[in-house]
Amino acid sequence: MLIIGFVIDMFVYAFSFLTLTPVLECAKVDGDGNTTWEICSRDMACASKNYRIDQDAADTISNFVTEIEPSMICDDNFSFKSSMFGTTMMFSFLLGSVFITPLGDVYGRKKMNFAVTVMQTIGLNGITLCLAVDGWANYYVLLALIFLTGLGTATHYNICMIYAAEFTTQKYVKLYTSIGLFFSNSMMVVLGIYFYFVKSILPGMYFLCAIHLYGLLLCLYLPESPYFAYATGQMEVFKHSMLKIARFNGAKLDVDSLMRDYSDEKKEGGYKEQSKTYGEHDVSRSSDLLLPKDESRIRDSAMASGISAKSIKASQIEARE
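Letter 166 of the sequence shown, counting from 1, is numbered 1120 in this note's numbering, and no numbers are missing.
In case anyone wonders, no lab produced these hints; they're calculated from the structure.
Glycine residues also receive a C-beta, built at the ideal position from the N, C-alpha and C atoms.
Treat each hint with caution, since some may be false.
[What the hints assert, rightly or not] List time: in silico DSSO-like cross-link candidates among lysine-lysine, alpha-carbon distance up to 27 angstroms: (1) K1065 x K1198; (2) K1065 x K1128; (3) K1128 x K1193; (4) K1198 x K1125; (5) K1153 x K1035; (6) K1035 x K1003; (7) K1206 x K1125; (8) K1128 x K1003; (9) K1198 x K1128; (10) K1193 x K1065; (11) K1193 x K1206; (12) K1193 x K1125; (13) K982 x K1003.
[As the list claims (entries may be wrong)] FRET-style restraints, in silico, Cβ to Cβ: (14) S1154 x D997: 25 to 35 angstroms; (15) I993 x N1031: 52 to 62 angstroms; (16) A1164 x V1095: 51 to 61 angstroms.
Build the full structure now, drawing on both the sequences and the hints.
Written as structure tokens, this is what we have:
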């Protein structure tokens, strides 16, 4: 799921290619009436109205500009309109980061991860249809779909990182999150190689659509983050998540032993006050994670589900300090 969250960066980084102006050729007629084609500027091509796209040129890519052609290339506001694709993506990315990502602390990692994956799937599939079906490419429809995709992208990026970290033992959390960041930061290199050989955005869009459809199915299977469930007092959800993790790892788990201090802490009133203050990035280190004080039972039960007793104990100590 973490990798799926970061692979969407392929689409974000691709905007420098998606708005690239193709190489144009203008028709030149000699005295004998023979027509030859010579590379010309966009202004010359639009003035002559007798031009074509050089499909064999190294800098020509099937993208937003070519699919909305000819109204896009010869539009008087071409520079502004082409820049609006990237601007819309980044603006929606900003809005998603500020207003949607925090909802992961309210409604849970699983629900919000599923919601933003739906948003991205609708946006990416819509963009792919616009590019793949002749006559469907419309400038304003593409902007709307890009906006929807951007809203989900920022949230997916952030929540997937947290979601994965909360499923991971303290020993491997840096490794797994680094894998996601590796995929994210390598996308620009991958795109350069991809466009060198493929020269069209469509195969890449098909891949993104497929991996997001797979992500939707994965969202239905994955349990809620046990850290989040425990920190917010959703004990039945916590038990379900822990048992599902244990089954996946082929281990047995006495989940009730992990919760035996919960009821006493709740009666004292400390849990409710603390549970309101945990932060999105601090759940795994929060003092809300009031797990059993018996270290041997923590080790036996927590490790069976794939959650390190050492990381839980360390989280409690760090939170108190």
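Hint check:
Between the alpha carbons of K1065 and K1198 the distance comes to roughly 17 angstroms, so the proposed pair stays at or under 27 angstroms and holds. Note on K1065 and K1128: the hinted pairing holds, with a Cα-Cα distance of about 24 angstroms set against a maximum of 27 angstroms. Taken as a hint, the K1128 and K1193 pair is honoured in the structure, with Cα atoms around 26 angstroms apart against an allowance of 27 angstroms. Straight-line distance between C-alpha atoms of K1198 and K1125 comes to about 21 angstroms, which keeps the hinted pair within the 27 angstroms bound.
Between K1153 and K1035 the CA atoms are separated by roughly 22 angstroms; this keeps the pair inside 27 angstroms, and the hint holds. Straight-line distance between C-alpha atoms of K1035 and K1003 comes to about 20 angstroms, which keeps the hinted pair within the 27 angstroms bound. In summary, the hint linking K1206 to K1125 is supported, as the alpha carbons are separated by about 21 angstroms, within the 27 angstroms threshold. A hinted pair counts as satisfied when its Cα atoms are at most 27 angstroms apart, and K1128 with K1003 does not qualify at roughly 57 angstroms.
For a cut-off of 27 angstroms, the pair hint linking K1198 to K1128 stands: about 23 angstroms separates their Cα positions. Restraint check: the Cα-Cα separation between K1193 and K1065 comes to about 17 angstroms, which is no more than 27 angstroms; the hinted pair holds. A C-alpha spacing of about 13 angstroms is found between K1193 and K1206, which places the hinted pair at or below 27 angstroms, so the restraint holds. Taken as a hint, the K1193 and K1125 pair is honoured in the structure, with Cα atoms around 23 angstroms apart against an allowance of 27 angstroms.
A hinted pair counts as satisfied when its Cα atoms are at most 27 angstroms apart, and K982 with K1003 qualifies at roughly 12 angstroms. S1154 and D997 have their C-beta atoms about 26 angstroms apart, which keeps the hinted 25 to 35 angstroms range intact. At roughly 24 angstroms, the beta-carbon separation of I993 and N1031 lies outside the given 52 to 62 angstroms, and the hint is violated. Checked against the given bound of 51 to 61 angstroms, the beta carbons of A1164 and V1095, roughly 22 angstroms apart, lie outside it.
Violated hints, listed in ascending order, are 8, 15, 16; each of the other numbered hints is respected by the structure.
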